[in-house]
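Chains as they are written, first to last, in my numbering: chain A, 1 to 315; chain B, 316 to 630.
Hints in this document: simulated from the structure, not taken from any laboratory. This list has only true hints and no planted wrong ones.
Label-pair restraints from in silico Cβ distances:
1) B:Ser331 with A:Met39: 30 to 36 Å
2) A:Ala270 with B:Asp431: 27 to 33 Å
3) A:Ala270 with B:Ala503: 38 to 44 Å
4) A:Ala118 with B:Arg574: 30 to 36 Å
Cβ atoms here follow ideal geometry from the backbone N, Cα and C, with glycine treated the same way.
Number of protein chains: 2
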Amino acid sequence: MMQDAGLIALDWGTSSLRAWLLDDDGTVRAARSEGWGIMHLPEGGYPTAYAAITEGWHDRARPAIACGMVGSRQGWVEAPYLPTPAGLAELAGSLVQVETGLGTLRLVPGLLEAGDPAFPDVMRGEETQAVGAMRRLGGDAILVLPGTHSKWARLAGHRLTGFETLMTGEVYALLSKHSILGRGVADAPEGSAELRDAAFARGVLAAQDRGALARLFSSRALMLTGAIEPSAVLDYLSGLLIGEELRLASPILQAGDPRVALTGDGRLCARYERAFEIAGYAAPERVDNSALQGLVDIAGAAGLIVPTQLQPSGA
Amino acid sequence: MMQDAGLIALDWGTSSLRAWLLDDDGTVRAARSEGWGIMHLPEGGYPTAYAAITEGWHDRARPAIACGMVGSRQGWVEAPYLPTPAGLAELAGSLVQVETGLGTLRLVPGLLEAGDPAFPDVMRGEETQAVGAMRRLGGDAILVLPGTHSKWARLAGHRLTGFETLMTGEVYALLSKHSILGRGVADAPEGSAELRDAAFARGVLAAQDRGALARLFSSRALMLTGAIEPSAVLDYLSGLLIGEELRLASPILQAGDPRVALTGDGRLCARYERAFEIAGYAAPERVDNSALQGLVDIAGAAGLIVPTQLQPSGA
Chain A
1 MMQDAGLIAL DWGTSSLRAW LLDDDGTVRA ARSEGWGIMH LPEGGYPTAY
51 AAITEGWHDR ARPAIACGMV GSRQGWVEAP YLPTPAGLAE LAGSLVQVET
101 GLGTLRLVPG LLEAGDPAFP DVMRGEETQA VGAMRRLGGD AILVLPGTHS
151 KWARLAGHRL TGFETLMTGE VYALLSKHSI LGRGVADAPE GSAELRDAAF
201 ARGVLAAQDR GALARLFSSR ALMLTGAIEP SAVLDYLSGL LIGEELRLAS
251 PILQAGDPRV ALTGDGRLCA RYERAFEIAG YAAPERVDNS ALQGLVDIAG
301 AAGLIVPTQL QPSGA
Chain B
316 MMQDAGLIAL DWGTSSLRAW LLDDDGTVRA ARSEGWGIMH LPEGGYPTAY
366 AAITEGWHDR ARPAIACGMV GSRQGWVEAP YLPTPAGLAE LAGSLVQVET
416 GLGTLRLVPG LLEAGDPAFP DVMRGEETQA VGAMRRLGGD AILVLPGTHS
466 KWARLAGHRL TGFETLMTGE VYALLSKHSI LGRGVADAPE GSAELRDAAF
516 ARGVLAAQDR GALARLFSSR ALMLTGAIEP SAVLDYLSGL LIGEELRLAS
566 PILQAGDPRV ALTGDGRLCA RYERAFEIAG YAAPERVDNS ALQGLVDIAG
616 AAGLIVPTQL QPSGA
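The task is simple: from the sequences and hints, build the whole structure.
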């Protein structure tokens with residue numbers, strides 16, 4: 001076949017599976033999303049999920065690439081972690097192949113941060129978003145990827161040189177659903193947007209001195225004493241936990257004038273932008289579609305497609 | 316009736332109910348425990364649970380007293396919070412009565428810490444333990460009450476003058492049972508006591524600089540990289556979260572030579588003692604039976620029994 005920009009690109013995480021079909025000229029012809037994360041596969045497992053999400057996309061042979069937990073030890077085939085620092089070249093040079101029954105799928109490896117052996121860290125999927133964001137950001141930056149497991153990554157010289165994981169989203173979900181902090185809150189009448197924003201702001205600031213764990217129980221006590229409406233307690237909690245990320249990053253954020261960017265889910269990024277504002281920091285840049293952009297860039301660097309023809313922003 | 320030291324004493328919390336029968340001379344004649352916390356009441360609710368746990372103890376009229384969540388808004392009858400500072404006299408002067416069908420039960424109020432209006436805090440049950448511990452400790456001290464919601468209380472002039480809640484036990488339970496950190500850990504072959512203690516110690520120290528939330532995900536990454544055995548991951552997590560309490564208390568623990576005491580569940584107190592040792596602090600004193608001692612002392616101060624005849628240490 002003639003090489004062009006035609007590509008099947010997958011972001012296959014723990015809880016969801018997203019897929020894009022890129023036309024030969026690099027425009028996005030179709031995008032699909034299913035709840036088939038690697039922990040929620042349909043009967044038949046990976047091959048079935050792959051065939052279903054790419055149905056109708058095999059009219060001719062196209063290269064296919066995937067990032068995320070699909071390449072973990074619990075995934076389809078393991079794509080072993082690469083050590084940081086790593087960028088486009090290292091990732092593109094270490095793709096792992098899996099035969100799908102509908103052609104070859106290439107898996108992007110995750111990254112292992114072992115700069116401090118006492119605190120190793122790992123990522124899968126975010127390395128691809130980081131690569132996609134690098135194209136937009138160009139030079140050095142701090143890239144924040146909010147989520148179940150938020151990542152703060154340092155980009156330098158077009159490589160990801162270090163990162164840290166904060167379990168913000170998972171801790172929020174557990175505390176709001178299963179702890180005493182969520183009790184009597186779910187049934188509360190919906191609060192006004194102003195009240196909820198004020199509670200969020202209060203939480204962000206409350207985390208700045210001693211940290212979120214020291215203030216967790218105040219979520220409950222502020223409700224019991226009437227200082228926060230039940231409907232706004234979870235906003236306060238969200239503020240505490242996102243505020244903790246800013247507390248931990250404060251030495252970086254307060255040093256010089258770092259370039260900071262956000263990428264990921266739009267609503268979540270907006271919450272982080274508000275937290276930056278509340279804590280007195282400059283607004284971070286927003287980078288959209290970083291996962292798809294990263295997949296396309298890695299496929300290009302690996303020679304699977306012609307990189308210059310890509311126009312993924314048409315999605 | 317002649318007033319003597321005969322008493323029915325209850326520690327009635329969220330998840331369990333403990334009861335003691337004190338003889339006329341103040342010795343403990345019987346002790347019972349059931350899982351009937353206020354969230355797990357038997358059919359028939361409070362009166363049924365009360366009748367069952369005190370069965371056979373009503374051969375003659377005895378005063379009865381209870382501390383804990385039974386006096387909360389979700390409890391049998393609400394015993395409104397008293398503000399700190401408060402001690403024996405304030406608690407004994409604010410008991411709330413409830414008619415049980417088997418005589419009057421008096422409920423000890425909880426405490427509200429409102430010294431910093433931005434971060435109110437509440438306790439129910441621990442105020443009674445603190446009163447019981449004061450008898451042993453005499454002068455000023457920091458009293459640590461580990462648990463689902465750990466409390467660090469400041470005792471001064473025989474009153475509890477301030478306190479802080481850390482949700483250590485609840486956060487540990489949620490993370491170990493429901494988060495990614497517990498995955499692949501439960502089925503691991505049991506580790507040696509040495510390995511587990513080493514992981515616990517590593518966790519305590521890991522929390523000291525940036526706090527436990529910054530290090531949570533290292534529980535996972537250290538297992539993935541083989542640095543910690545799966546069987547020891549939860550010990551590391553436990554060390555992180557208890558270590559966070561020590562991090563937060565470090566300004567107090569490092570100032571002068573504070574008197575520090577622990578009271579509560581024996582195994583949990585032993586874990587905290589080990590954490591103090593690992594972090595380089597002097598061993599705290601251990602105070603046993605503080606809940607019963609506190610109930611007896613409050614009943615005495617309220618004139619329900621003759622305080623001087625008490626011999627609760629015979630339990």
